[in-house]
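What follows is the residue order along each chain.
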Amino acid sequence: DGGITQSPKYLFRKEGQNVTLSCEQNLNHDAMYWYRQDPGQGLRLIYYSQIVNDFQKGDIAEGYSVSREKKESFPLTVTSAQKNPTAFYLCASSIGQNTEAGFGQGTRLTVV
Amino acid sequence: GESVGLHLPTLSVQEGDNSIINCAYSNSASDYFIWYKQESGKGPQFIIDIRSNMDKRQGQRVTVLLNKTVKHLSLQIAATQPGDSAVYFCAESIQAGTALIFGKGTTLSVSS
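As you go down the protein sequences, you meet chains P and A in turn.
Take the first sequence: its position 73, counting from 1, is numbered 73 in our numbering, and each next residue is one higher.
Take the second sequence: its position 98, counting from 1, is numbered 98 in our numbering, and each next residue is one higher.
Think of the hints as simulated: they come from the structure by calculation, not from any bench.
For glycine and all other residues, C-beta sits at the position ideal for the given N, C-alpha and C.
Keep in mind that the hints are not guaranteed to be accurate.
Facing chain P, a subset of chain A residues (Cβ under 8 Å, in silico) [to be verified]: (1) S93; (2) G105; (3) V110.
Please take these sequences and the hints and turn them into a complete structure.
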């Protein structure tokens, strides 16, 4: 099936640990995105990448890092510098800018 | 602050009624708009999109209206069904922009 796969669905992190959220797409999309969603809130952009080996910060990039070594993969690392990491994280991809973006099913990260 | 917002956080309708969800945007340079539907614990699903060279676009049971004069976007759902219950987000982007910018969402509740 074609689509965007995020894993794991649920993730628990101890304070001070780094964790990496996976996002893979087999749609041959050039652009990929990471958003964060807090309860009752909209989606806020963390990072995005338009092409392989290139990415830009979004509105809330502090405490996060990404890589784009392959077209189909855009992993997000939540570092210990992110003071309030508990949230629902959504990955998306699109053919290019200014086009429809499809979303994965999300990863719910909880700090314990 | 956010450039996209919705007028009402919640909307309750009876099954069979028509629903209208509104969204105001502030960036006059935005030229692409999307509506997404998000069910609890899932990623957003694409509903319909519209570009700034159009005023209206119709899909199956849904219509999006764009009023560039007052920077207003609306989603109309005909014959609303219980399965339409979800959070609805509008999002915008500009051709020279980066990624979709989302509003906070409207929760639509449909009662039988």
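Going down the list of hints, with the structure as the test:
The restraint placing S93(A) at the interface with chain P holds, with a minimum CB-CB distance near 5 Å, inside the 8 Å limit. Contact between G105(A) and chain P, as hinted, is supported at the beta carbon level, the nearest pair being about 6 Å apart and thus within 8 Å. Violation of the interface hint for V110(A) is found here, the shortest Cβ-Cβ separation to chain P being roughly 19 Å, above the 8 Å cut-off.
This entry does not satisfy hint 3, going by the numbered hints stated previously; all others are met.
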